[in-house]
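Protein chains in written order, with my numbering: chain S, 1 to 364; chain E, 1 to 426.
Rather than coming from a laboratory, the hints here were simulated on the basis of the structure. On a predicted model such as this, the values are computed, not experimentally measured, just so you know. It cannot be assumed that every hint is accurate.
[As the list claims (entries may be wrong)] Chain E residues, not near chain S, derived (Cβ > 10 Å throughout):
no., residue
1, K71
2, P76
3, D105
4, A146
5, A151
6, E182
7, Y303
8, N350
9, P393
[To be verified] To give a feel for the contact side, a few chain E residues facing chain S, derived at Cβ under 10 Å:
no., residue
10, F24
11, E27
12, L147
13, P150
14, R184
15, S192
16, A205
[Claimed, not checked] Simulated restraints on C-beta separations:
no., chain 1, residue 1, chain 2, residue 2, range
17, S, R86, E, E79, 52 to 58 Å
18, S, N155, E, A104, 52 to 58 Å
19, S, L117, E, G391, 17 to 23 Å
20, S, S25, E, W64, 55 to 61 Å
21, E, R153, S, D88, 35 to 41 Å
22, E, Q302, S, D64, 56 to 62 Å
23, S, P69, E, G141, 19 to 25 Å
24, E, W111, S, G245, 54 to 60 Å
25, E, A70, S, R86, 36 to 42 Å
26, E, G112, S, F288, 55 to 61 Å
27, S, A3, E, H154, 46 to 52 Å
28, E, H154, S, S201, 44 to 50 Å
Every residue gets a Cβ at the ideal spot worked out from N, C-alpha and C, and that includes glycine.
Here are the chains, one letter per residue:
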Amino acid sequence: MSALAQLLAEADADPLQHARQHAQSGRRVIGVVGAEVPVELILAASATAVVLSGFGDEQAPRADRYLEPSFAPHLRSITEQWLRGRFDFMDAVIFTRADDSAQRCYYYLCELQRRGLALGPAPLIFDIAKIPRAASLVHSEAAISAIAAALGSDNSRLQAAIDARDRRRALFTRLDLLRRSDRPPPGADCEQLLRLADTVSAERFDGELAGWLGGEFREHRGPRLLLCGTSPPDGRLHQAVERAGGCIVAEIDDAGSDRLGARVGATSDPIAALAHHYHSLCHGPRGFCDRASRLVRRAIDWRVHGVISWLIEEDESSAWQVPAATAALAAARIPLLSLTRRRWNAQDGALEDIAAFTQGLKSP
Amino acid sequence: MSPRPESRRALACSGDATGHQREFVRELRRRVMDDGEPFVIAQADTPHEIFHAMDIPLITNQWWAAYLAAKQLSGPYFEALERHGYPSNGCRYCTLGLACTLAADPATAPWGGLPRPIALVARLTCDCIQHVFTLWAEALGTDFFALEAPAWRHKDLQWFEHSYDRWLEVYEAGRIELLVEEMRSLIALLESKSDRRFEVDRLGALMERINEQEGYIAEAAQLIGATRPCPVAITDQMTNTMIPQWHRGSEWAVAHARRFRDEVIERVSAGQAVCAHERVRLMWIGAGLWHDTGLYRALEEQYGAVFVWSMYMPFAGPQYRRALQGRPLHALASRICSMNEVLHLPPWMNAWMVSEAERCDIDAALILMPPGNRLSQSGVYLTAQALESAGVPTLTVSADMVASAGWDRAQFVARVARFLASAKLI
């Protein structure tokens, strides 16, 4: 087992372990909900960032008391963990407004704390505005400043924080290129490292990932696939593909290796640069972009033999992209497995459907 | 000795309101379809005042959806949506208009289907609306103008007490400024695509008339809530609030609201009641059940359970009235920037509902929870718990506002009866 695999296996077993250790050593810990939260601000506040994980197989009886049925299941899981006190060691948790379930959870948790029904960290909301318009960009800049003020981010440390995240972006770009090659790493390994990247020591993760990317990977002769739609809870969809002889070489949106966006770079105005960066990211339900074209472009560039579109019942955003994506893929003659209204734990035959689709793809 | 309550009789002004609406629809159709005037399709929680002040005909998406549902068209149109490849679990209220356009069936569509508007306008209050409106705009070949729904950190539990003249504080200056900027861009778009011009003085005058109109509605709401037995049926409340609301600030709307207020005063003075044997005072939380408004009457007749409260009427005072303070665009922004939030997010929703239940001497509440609609479901459990804590038994109702599939009124009435019996209210 590689050092990276060991690190990730430990994080998978307990995604909060590293953050807890930091809290015990007196360091502030800030939880993150949503791919568009500016982690740079947390680093510039000399705090530890930890992306909160949702678990696909856990019951959520406490969260069920407050969250209505349409809430995204990963937010239900996070709320359950909150109400069980698992995040009590954190100072704050930042929720993105660019995800409806996440932003509603912010209001619910504020209210539960007000009523004395919940303890835990301070809920904060990152009020990112995504409409491609100057007024929204200005608002996003104010939102960045508000979070920076709430965390006590040190402006003089922001460029260093941006540089640190740019190093991560560069590593993810290398990963992307590797996955595009004939020797892609196993999709399940990539899913795991992308999911857990912000639950472990950033320095150690980046170092181990750099080493891992420089390693040798076997040529993959089976079908190459792209996964789009809802972010899965873990590697179960990727593993189903691998058991059927395929390999997921790319994901779209929050689970994808391009989710951090392009390099921010050196800037004289870090707040404005971050506002521009997060405002224009086109991932997630609120991003403004031609998703069907983006999907086909990626499918072609990554030379996939098939696309799996997996949408859960509670995903009210991606569902509206299904016809356009279906038509665009058909025009590009790329086979599509479209699974809609599925369960997040995939215990509804989805894994079998995915395996059958993978096996049915023409061998390259 | 108070006069003996008389049996139910609809308000005279209700017939006039529906008559006016019928005439308005005819006129709207003439302007949009026959004369080809530039028009707009917009969500209910957008600044309609801009369109009114510019004399641009407006079709409100939710009104259009209710119109389609009333014509029993929701079933076939949702089937059309599925035929186009959209999963069937989408939000129904906001998508029926898109479904009608995609069905492209002039034989069944009212007016033969809507022509191309100059713009579609929506606030992004959920994750799906930007996609729905983008697709709809593409299908109609026009622009979609989106408005942000920014976060709201200042949590004033008494927002409904302070919203008239402390709106800058209650709704936050930054949120208001963002919407003002957006409205300026919207006005520029409308002016570029029509021959209509925006004048701020005209908006100011409209806003003053809206204040007068909403003041009458608020007065009527106070009277209805304070009177037992309830003098005005929920359907009359909705009709006489919602129809003028679509035309807010027009001379007709102001005059109608005044007349409604006066008629409520008359009924209260005469001791007239919705239900002579009122036993239970109910609150209906959520949008109206537009495909079966007769259900409210059924509960009154069978159990003396009277719906005293629905959101539309008491909402008029706190969420619409605004001291202009010399800044009509900002005052308007403060009205719009939280229109949905106060109805669906804690703490504003639950704080207001509990306050209203107390004001109206409510015995029990029914909360609508439409399946597959996160926005409309939002805040339901926390509000139900807040009401229960305040001593108001609460029943959650799973039903859709416009989709009638699976709805069974008799079953529903029986369920409510069991709930009221278990709460020892009947």
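Outcome of the hint check:
1. K71: Check passes; 25 Å lies beyond 10 Å.
2. P76: Holds, since 18 Å exceeds 10 Å.
3. D105: Correct as stated: the minimum Cβ-Cβ distance to chain S is 18 Å, above 10 Å.
4. A146: Violated: least Cβ distance 5 Å, not greater than 10 Å.
5. A151: 4 Å, violated
6. E182: 6 Å, violated
7. Y303: It holds; Y303/E is separated from chain S by about 28 Å at its closest Cβ, greater than 10 Å.
8. N350: Violated: least Cβ distance 7 Å, not greater than 10 Å.
9. P393: 17 Å, holds
10. F24: Since the shortest Cβ distance to chain S is 32 Å, the answer is violated.
11. E27: 33 Å, violated
12. L147: 8 Å, holds
13. P150: It holds, given that the least Cβ distance between P150/E and chain S is near 5 Å, below 10 Å.
14. R184: For R184/E, the interface hint holds, since the closest Cβ of chain S sits about 9 Å away, which is under 10 Å.
15. S192: 15 Å, violated
16. A205: Since chain S brings no Cβ nearer than about 26 Å to A205/E, farther than 10 Å, the hint is violated.
17. R86/S x E79/E: 52 to 58 Å: Cβ of R86/S to Cβ of E79/E: about 45 Å, so the range 52 to 58 Å is violated.
18. N155/S x A104/E: 52 to 58 Å: 55 Å, holds
19. L117/S x G391/E: 17 to 23 Å: Check passed, 18 Å falls within 17 to 23 Å.
20. S25/S x W64/E: 55 to 61 Å: About 59 Å separates the Cβ atoms of S25/S and W64/E, which means 55 to 61 Å holds.
21. R153/E x D88/S: 35 to 41 Å: 23 Å, violated
22. Q302/E x D64/S: 56 to 62 Å: 33 Å, violated
23. P69/S x G141/E: 19 to 25 Å: 37 Å, violated
24. W111/E x G245/S: 54 to 60 Å: 55 Å, holds
25. A70/E x R86/S: 36 to 42 Å: 49 Å, violated
26. G112/E x F288/S: 55 to 61 Å: Given about 32 Å between the Cβ atoms, the range is violated.
27. A3/S x H154/E: 46 to 52 Å: The hint (46 to 52 Å, Cβ to Cβ) holds, given that A3/S and H154/E are roughly 48 Å apart.
28. H154/E x S201/S: 44 to 50 Å: About 37 Å separates the Cβ atoms of H154/E and S201/S, which means 44 to 50 Å is violated.
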